[in-house]
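S.K.: Here the protein sequences come in this chain order: B and E.
Numbered by my numbering, the letters in the first sequence go through residues 1 to 423 in order.
Numbered by my numbering, the letters in the second sequence go through residues 1 to 448 in order.
Treat the hints with care, since some could be wrong.
Claimed, not checked - Below, computed lysine-lysine pairings styled on DSSO-like, alpha-carbon distance capped at 30 Å:
(1) K184/E <-> K340/E
(2) K280/B <-> K340/E
(3) K280/B <-> K184/E
(4) K184/E <-> K420/B
(5) K8/E <-> K420/B
(6) K140/E <-> K204/B
(7) K328/B <-> K151/E
(8) K140/E <-> K197/E
(9) K140/E <-> K280/B
It is worth saying that the hints were derived from the structure and are not from the lab.
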Amino acid sequence: MPEILDLKYEKYTLKNGLEVILHKNDTLPLVAVNLWYKVGSANETKGKTGFAHLFEHMMFQGSKNIPKEMHFRYIQEAGGTLNGSTSLDRTNYYETVPSNSLELALWLESDRMGFMLPALTEEKLQNQKDVVMNERRQRYDNQPYGRAWETIFSNLYPKDFPYHWPTIGWMEDIEKFRLEDVKEFFGKFYTPNNASLVIAGNFKHEEAEKLIENYFSDIPAGPEISSGIYFKPILENNIETVLEDNVQLPRIYLTWLSEKLYGQDDAALDILSDILSGSKGSRLHKLLVHNQQIAQDVSCYQYSSVLSGNFIIASTAKPGVSLSELKKLIFSEIENVIKNGVTERELERARNNFESSFIYSLQNIDMIADQLNNYNCNLGKPNMFNHDLGRYSQLSPENIKEAALKYLSNPYVQLSVLPKRKK
Amino acid sequence: MPVNRSVKPSEKGTVQFTLPRIEHLQLNNGLKILYVHKDNLPLLQMYLILDSGSKYEPNNYAGLANLTAHMLDEGAGKYTALELDEELEFLGTDLSISVNHDNVFISLLSLENNAEKSLELFSIVVQEPSFSEPDFQREKNKILTKLVQLKSEPSYLASVNFDKVLFGNSAYGNPIYGIDNNIKNFKRTDLTDYYCKYFSPVNAAIMIASSIPQNEIIDMLNKYLGNWQSGKVSPESNLPEMSSSAGLYILHKENAPQSEIRIGHPAEGRKTKDYFAKTVMNSILGGQFTSRINLNLREDKGFTYGAHSAFYYKQDVSYFGVSTAVQTENTAAAVSEIFKELKNITKEITQKELDFAKSSLIKTYPSKFETYSQITGNLAALHIFGLEDNYFENYISNILKINLPEVSAAAKKNIHEEEAAIVIVGDREKIEAALENETGLKAKLLKE
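Whenever a hint applies, use it, and build me the whole structure from the sequences.
M.R.: Okay, here's the thing in C-alpha cells:
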C-alpha cells in the first residue's frame, strides 16, 4: 500500500455534534475548509424537489452578519476560491484560502450554519429561483441528452423512493418554492450535528482548534435526524422508454439497479465498468467504436450512492445505425463476461488505473479535504485512502464475473434518446 | 469565549510563498526544455508543445491539424492503436492530445516509477506515428460524426460562429475540429505531409514539472527524444485581414429554452504594455463571480446561471468577449444590460473596485502553482507568448502598481461597445424583433 496515501489527521467532535477533522499539509501556503452537510435531494419529498440544491445557491446570499454578495467578495478579496455541490445524499461547501485567512473562512461558514435564517428573504429566494431555473435550462433542458439521467432515475425508482427525482429538482417544483418551506428545510438539516468539517493544508493546529471552538461551539445542535426507512428497490420487469430531444444521433442507455456506495460489490462493479468502457481497448469500446464502428462512443458507470447504486451503459449510434443493433452487441458482450469472466491482465490494468488516479488526485488540497470528508461521512473514518484502494486490490477475476452475473442479468431500464422529428 | 461575529476577521500575518525555479535546458538535438523540480508527489507531468495548430492549415483544409494530431496515438512504431492504449493504461499513465489555433499539445502524466516506460511510449507516439489507412478512415469518420453531433450544442455553435464573425475566412475564423466538406476530401497523405512539415523538434518545446531530478529526466529524454530529427521549416500561418465585424448575427434554433450570447470585438495582443491594467479592468467588469456583468445579469436580474467576460489571447490575434446563456424571453434585455456595462466601465471605475480586484488577483496567485499541470501550464504560457522568465516574479508587483487612471485608460482603450459583434444562438422567431429594436441593427442570419 502506498505510504503517501496514509494521510495523518486528527478527528474530534464538538459538544453540539459537529465533527471536525484536521489534516496538515504544508506544500503551499493554502488552507482548505470543506464542510459536508448530510443532506441531499434524497431528503426531499415529492412536490418539493430541488431544496438541497437551492441551498447551494442560498448559502452564498449572505447571513445575519454577511450582507448579500459579500460571502463571495470576502473570499475573493482574500485570494480564495470557493464553491459547493449537491448530490443525492450530501451537499458540500468549500473554500481554499491563503493560510492567513483561515479565520475568515470559518467566520463565513459558521455564520451561515448558525445565523442564516434572519437573512433569508423572499426577494433573495425569488432571485435565486430564477437563477436555478436558468441553471436547469442551461445544464439540462438546452443540453443534448441533458434530460436522460432524470428520465432513467424516474423510471428506475418508484415515486416514493428518494432517488426518483433529479438533484436540481423538477422545473414545476422550482417554480413553486415557498419561503416557509425553504426555512423549515434549513432548520432541519443545516445543523452542526448533521455536518462534518475538514480543515486541510497549511495551518497551526492549536490555532485552528481554538478558532473552530470560537466560531462553531455556540451554534446549537438541531433536532436529531432519523434516516428514513426504505425498502431495497426492485425492478420486476424491463422498462423501455423513449425521449425525443434536440440531438442529432440516437443514444441508448441501459440501467440496472446495482450495489450501493462502498457496498460489497461496489468496487467489483467499478472495475467492470472500466473493463467494459474505460479505455480505447476496453471491451465495448473495442467492439462498437473501434472494430465494428457502429457507435460514436460508449461509456459505463457504476454510479453508487448511500441507498442504492446503478450500473449504466450508454452508447451513441453512428448515423444510419439502429439502437437495437447496439443493444444486441452490448448484451452479447455482457453474456460473454458472465459466461467467460475477465482476464487477470484486464483486472490488473483497471487496478493500476485506480491506483494512479488516486495519487494524481492528491495534487489539490481541496480534493484531499473533500475526500477526507467523504470517507468520514460514508465510512466513519477520514483516512480511508488505502482501505478504499484495498477494495480493488483484493478482487479476483472471479469476483468481477460474479458481480456481472448478480446485477446485469436482472431487469433493466432502457432509455432511447431520439432526434426530434422535423415538423 | 464567543467571538464578535459582526466584525470581519483580519488576516493573520503575511503569507510566505516561493515561486518554483525554472530551468532552461536542451536536448542533444536542440529541443528546448523548461523544467521545474517539484517533489511533494512522485509524478512526471510533461507537455510537448508544437507550433502546428490549425492556423497553419492550407486553405480548404480546415481540420487537418486536429485530425493529424489525433492520429498520433492511433498506432505508432510496432504498436497498433489498441496495443498502445493497453500499454499506457497498464501503467496508469495518461497521454492526451489537444489542439488549438496556434499549437498542438501532447501531455503526459505518469507516476515516477513508470516514467521511463511512459516516456518511451510517448517518444514513439511523437516520432513514429503509423497513419495507417484503416486507422485514418476510422478517425476521419469519427470527427465527421462529431461535427454532426455538435450541431445540437448551443454553446459550441455560439463560440465557433463568434470566431467566424470576428476572423472571417482566415484560419482563426475556422473551427479547430474543421469543416465537414473539407475533411471529407482529406487523404491519408495530407496528414503525413502535414506531420512531416510541422511536427518537428525545431517547432517544439517541452514543459516539465516533476519529482524526477533534472539530470535524470534529461538523460531519459535524450535517450528517447534526443535523436528526433528535424525537418527544417519555418511555419507560415494563414492570418486574418481585420475588418469591422460589428453587427447582430442570429443562428436559429427552434424552441430553444435559452439563447447563447457572445458579444465582443478583436483586441490588442498578449504583449501590449497595458496587459496588467487590462487584466485588472476585466476582473472588475466580468472576470469573476462578483464582477459587474455577473452581478447584474445573475444576482440582480436572475436572467442567467452565469455571465462573464475575458480577453482571449492567441499568438497572432486576440479578442474581448462576453459570454452567457439566458432564458429566451430575456434575450434582448440581457444584451441591453451587457452593452450598458461595456459603456459604464469606460466611464467610471471606483477605487474600491480597483482595490478589490487587485487584492483578489495578488492573493490568489500562490494557488496558481498548486498542481503539476498548473505549473506546466504556466510554463507553456511563457513559451507560447515569449514572455520573460521573471514574468512570474514580477506579476504581483505589476498588478500592485496599477492605479485608477491606468485601469480607466485600459477600459477606454480596450472596450469598444460600438464595434462589438453580437452572436446569438436561439429561437429567432421569439427574439429577433426585440433584438433589432434594442440594438437598432438588422439581424443577419447565420447558417449551421
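S.K.: Each hint should be assessed against the structure and marked as holding or not.
M.R.: Against the structure, the hints come out as follows:
| no. | hint | result |
| --- | --- | --- |
| 1 | K184/E <-> K340/E | violated, 44 Å |
| 2 | K280/B <-> K340/E | violated, 49 Å |
| 3 | K280/B <-> K184/E | holds, 24 Å |
| 4 | K184/E <-> K420/B | holds, 26 Å |
| 5 | K8/E <-> K420/B | violated, 54 Å |
| 6 | K140/E <-> K204/B | violated, 56 Å |
| 7 | K328/B <-> K151/E | holds, 28 Å |
| 8 | K140/E <-> K197/E | holds, 20 Å |
| 9 | K140/E <-> K280/B | holds, 16 Å |
In the structure shown, a violation is registered for the earlier hints numbered 1, 2, 5, 6, in ascending order.
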